[in-house]
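Now for the letters of each chain:
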Amino acid sequence: MNDSIFEISAFVQGCRSDVKYSPFMGIEKGAVLQEARVFNDPQVDPRRCSQVITKLLYLLNQGESFTKVEATEVFFSVTKLFQSKDTGLRRMVYLIIKELSPSSDEVIIVTSSLMKDMNSKIDMYRANAIRVLCRIIDGTLLTQIERYLKQAIVDKNPVVSSAALVSGLHLLKTNPEIVKRWSNEVQEGIQSRSALVQFHALALLHQIRQNDRLAVSKLVVSLTRGSVRSPLAQCLLIRYTSQVIRDMSNHGQSGERPFYEFLESCLRHKAEMVILEAARAITELDGVTSRELTPAITVLQLFLSSPRPVLRFAAVRTLNKITNFMSDIADEFKIVVVEAIRSLCVKFPLKYRSLMTFLSNILREEGGFEYKRAIVDSIVTIIRDIPDAKESGLLHLCEFIEDCEFTYLSTQILHFLGIEGPNTSDPSKYIRYIYNRVHLENATVRAAAVSTLAKFGFMVESLKPRITVLLKRCIYDSDDEVRDRATLFLSVLVGDGTVDTDEDSKEFLFGSLEVPLDPSEEAFDINSVPKEVKSQPLAEKKAQGKKPTGLGAPLAAPASGFDGYERLLSSIPEFAAFGKLFKVDPSTGEAEDDGVEDEYQLEDLEVVAADYMVKVAVSNFRNAWESMDEDLGHVDEYGLGPRESLGEAVKAVVDLLGMQPCEGTETVPSNARSHTCLLSGVYIGNVKVLVRAQFGMDSSKEIAMKLAVRAEDVSVAEAIHDLVSSG
Amino acid sequence: ELPPKVKNILLLDSEGKRVAAKYYTDDWPTNTAKQAFERTVFTKTQKTNARTEVEVIALENNIIVYKFVQDLHFFVTGGEEENELILASVLEGLFDAVNLLLRGNVDKREALDNLDLIFLCFDEIIDGGIVLETDANVIAAKAGINSADPNAPLSEQTISQAFATAREHFARSLLK
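Line order of the protein sequences matches chains A and B. Residue numbering for the first sequence follows this note's numbering, starting at 2 and increasing by one per position. Residue numbering for the second sequence follows this note's numbering, starting at 16 and increasing by one per position.
It is worth saying that the hints were derived from the structure and are not from the lab. Keep in mind that a hint or two might mislead.
Straight-line C-alpha distance at most 27 Å; calculated DSSO-like pairs for lysine-lysine [to be verified]:
#, chain 1, residue 1, chain 2, residue 2
1, A, Lys99, B, Lys59
2, B, Lys20, A, Lys348
3, A, Lys219, A, Lys271
4, B, Lys37, A, Lys348
5, A, Lys174, B, Lys49
6, A, Lys322, B, Lys49
7, A, Lys151, B, Lys20
8, B, Lys49, A, Lys30
9, A, Lys352, B, Lys37
10, B, Lys37, A, Lys99
11, A, Lys352, B, Lys62
12, A, Lys69, B, Lys37
13, A, Lys30, A, Lys81
Partner residues are not named here, just some residues of chain B that face chain A (Cβ under 8 Å, in silico) [claimed, not checked]:
#, residue
14, Val84
15, Ala103
16, Asp111
17, Leu115
18, Ile145
19, Glu148
Quick reminder that beta carbons are idealized off the backbone N, C-alpha and C, glycines included.
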């Protein structure tokens with residue numbers, strides 16, 4: 002018994018150590034060359050010979066070098082294998098002949114065999130023999146087989162046709178005058194119904210005619226109107242079109258750029274490789290205008306949010322090329338690029354350094370207000386989303402305001418510095434920048450700077466003395482607002498009791514107020530304002546109603562009474578410049594105490610059942626479920642009809658109810674036939690609700706669901722069931 | 016303006032050693048140069064997870080797309096001006112064709128046991144750097160003209176292959 006166990010375990014060990022097993026283990030060139038003698042056998046064994054060829058190929062592929070003698074010997078032996086009719090073996094023979102690269106005197110030996118194969122009934126022989134022949138022959142031999150090649154180009158079988166065309170492409174380098182004679186046949190290939198044959202024919206015809214400007218132009222014209230059958234051929238066409246456009250502009254043709262429409266239409270092609278090729282081609286046009294670039298940029302932006310890494314990479318590379326000539330293009334378009342950079346930063350947070358450097362560089366250059374605002378917003382987004390970027394980002398902004406011509410931007414940035422600066426590791430380094438603004442800028446900016454200084458003083462205990470000193474210098478400013486603020490904040494800071502220093506006051510002074518006076522084009526979203534930059538479809542982006550992602554993102558502030566409003570409003574730099582608060586009749590211009598009625602348009606708001614539910618998760622569903630009274634629940638079964646997948650049905654129900662999936666039960670494993678989803682939420686009226694939804698999918702993809710609902714109020718449980726049965 | 020050109024196709028194992036490779040340009044004239052390139056490519060991509068999606072890097076003026084499965088690393092290289100998606104479609108054609116040819120068992124062992132199919136597969140995708148075919152079904156059909164019937168009995172395999180298969184089955188059932 003013990004012996005057998007020992008044997009078995011030894012065997013198992015042997016199996017385990019086979020992890021490094023390779024059929025080529027211990028292979029040695031000399032031994033294989035010996036084995037190759039079997040090629041000379043009068044009765045060729047196809048399987049055995051194929052294996053030896055595989056070993057030879059392996060050796061060659063691993064970089065083993067064969068001496069001239071060895072190579073010649075092997076080559077001669079291999080040629081004997083043409084006797085065998087075994088198709089598998091013939092394939093291997095073709096392969097090894099190509100690898101051995103015989104010299105011209107050796108080639109003679111196989112020429113007749115290969116030429117015979119070139120006319121064989123077997124398509125695979127024809128195609129491969131052509132490829133081998135064209136690889137190893139010289140000019141004289143080529144003329145001998147020329148007519149077969151021309152026939153092959155128009156062969157019914159597309160594999161044969163492609164073989165001849167691709168061989169032609171190679172031969173064009175060494176024997177151009179011969180290949181050029183095949184133009185007619187190649188032209189036929191362009192009309193081929195086979196997509197790849199058309200691709201190969203197009204490549205060859207273009208190469209043949211590439212020095213003839215007119216011919217290339219004609220080719221492009223006919224194909225941009227005709228039917229191109231493969232994405233590869235379309236990519237070729239785009240490349241040739243670019244060439245034609247270049248040639249035309251070089252020869253002084255002016256006006257609307259020809260073929261631009263064709264390139265632009267390719268941006269809507271269904272194959273992504275074509276879209277990319279077209280976008281690249283457009284960005285590389287000579288003297289491209291922003292109008293021409295915009296559709297290409299848009300499409301590249303979409304690629305940035307693709308789940309495919311290759312697409313994102315390609316988009317980044319192309320966008321990079323564009324940013325290299327930023328200075329030549331108009332502002333509105335630069336903004337599009339800046340937005341793209343912003344999305345890039347969100348997608349690739351680790352790359353923030355280079356992107357931030359780029360943004361701060363262009364911020365220093367010439368530019369209009371909207372453009373600079375877009376850049377500042379992008380920097381702010383990066384600071385908000387990527388903690389590591391905060392310090393450098395804030396410094397960039399500080400440097401910018403030293404030289405900023407736009408009051409609005411300076412005040413916004415100062416306000417932002419007041420929020421983010423105190424939370425950094427060394428807030429004092431920003432003080433110098435802020436204080437300088439008090440001396441060097443206009444009143445609005447000075448007022449904002451004073452507020453920011455005060456904020457630092459309030460939030461950072463250690464800076465209080467220094468800030469107090471700085472603020473003291475401001476109380477003699479020439480402007481009312483600046484003096485008032487300095488005095489107010491100084492009192493608060495020093496705490497001499499003339500101003501309340503409780504939390505509410507602090508909130509009044511330093512909180513911000515969001516008063517949406519402009520009618521927004523978007524419906525007001527009750528749920529919190531998301532701060533991430535989501536990839537937005539084209540239509541949404543064009544609408545001006547963006548969720549506030551820049552400096553305008555607010556906190557809600559309480560308000561009570563006129564004075565409260567006044568304090569609040571005057572602490573906001575934007576409103577400070579408006580002067581004192583009063584209520585005016587717009588028609589007469591006189592102040593009225595009661596204020597004036599005004600109308601604001603709101604978007605239509607659709608209320609759905611899910612709006613009555615708030616998503617509230619529970620950490621331990623089971624406990625919560627057990628703790629609820631079963632009698633206050635309701636259980637029922639439903640047929641949901643056929644669906645594509647169980648996951649789709651589950652998602653539909655979760656969305657309908659508007660409840661929060663718990664314990665990861667919203668994820669349905671693919672190919673699952675059954676699933677239980679646990680949901681929880683709070684219904685209007687503060688009623689806790691829990692749902693257990695058991696799904697099952699039968700072989701005809703019909704979904705059945707057993708819904709168990711428990712709630713603190715039984716009518717709510719019933720309402721949920723009504724919702725499902727009617728929804 | 017030239018047609019898209021592939022510079023090389025590489026199949027490396029999980030230690031970066033060459034299983035099969037085909038070079039179509041003179042950018043790496045000696046075997047030493049080729050091996051150095053393979054080592055660099057392997058190291059630079061080792062830590063990435065290219066098992067679900069095709070990934071891409073730029074390296075030494077080249078663009079390389081790649082995908083991994085089990086202990087095999089597939090690479091396709093093009094020039095830096097090349098259309099990355101064209102390279103990706105070549106890679107996907109290669110990857111899926113190998114999957115068909117090896118009947119779903121894509122690992123180094125299986126590849127070495129069927130190296131002839133791998134070489135034929137390379138040969139059917141690219142000719143001298145020019146894309147010949149990208150459809151995996153067509154590639155596999157053309158390369159597999161040689162392969163044994165899937166339902167073939169063990170006697171069709173070589174002795175060593177038969178031993179290997181038997182050992183594997185036995186080991187697997189023991190180790191369960």
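Within 27 Å, alpha carbon to alpha carbon, are Lys30 of chain A and Lys81 of chain A? Roughly 21 Å separates the two Cα atoms, so the pair holds.
Holds or violated: Lys37 of chain B to Lys99 of chain A, with C-alpha atoms at most 27 Å apart: holds, 12 Å
Restraint: Val84 of chain B near chain A, CB-CB cut 8 Å. Satisfied or not? Violated, about 16 Å.
Run the distance test for Lys352 of chain A versus Lys37 of chain B: straight-line Cα separation, threshold 27 Å. Cα-Cα ~35 Å, so violated.
For Lys322 of chain A and Lys49 of chain B, compute the direct alpha-carbon distance and say whether it is at most 27 Å. Roughly 30 Å separates the two Cα atoms, so the pair is violated.
With chain A as the partner, please determine if Leu115 of chain B meets the hint condition of a C-beta pair closer than 8 Å. Given a least distance of 17 Å, the restraint on Leu115 of chain B is violated.
Tell me if the straight-line CA distance from Lys37 of chain B to Lys348 of chain A falls inside 27 Å. violated, 35 Å
Hint Asp111 of chain B vs chain A: min CB-CB distance below 8 Å? violated, 16 Å
Taking 27 Å as the top limit, are the C-alpha atoms of Lys20 of chain B and Lys348 of chain A close enough? Status violated; Cα separation ~31 Å.
Have a go at the Ile145 of chain B hint: is there a Cβ in chain A nearer than 8 Å to its own Cβ? holds, 5 Å
Given hint Lys20 of chain B paired with Lys151 of chain A - CA-CA distance at most 27 Å: holds, 24 Å
Given the hinted pair Lys174 of chain A and Lys49 of chain B, is their Cα-Cα distance within 27 Å? holds, 25 Å
This entry does not satisfy hints 1, 2, 4, 6, 9, 14, 16, 17, going by the numbered hints stated previously.
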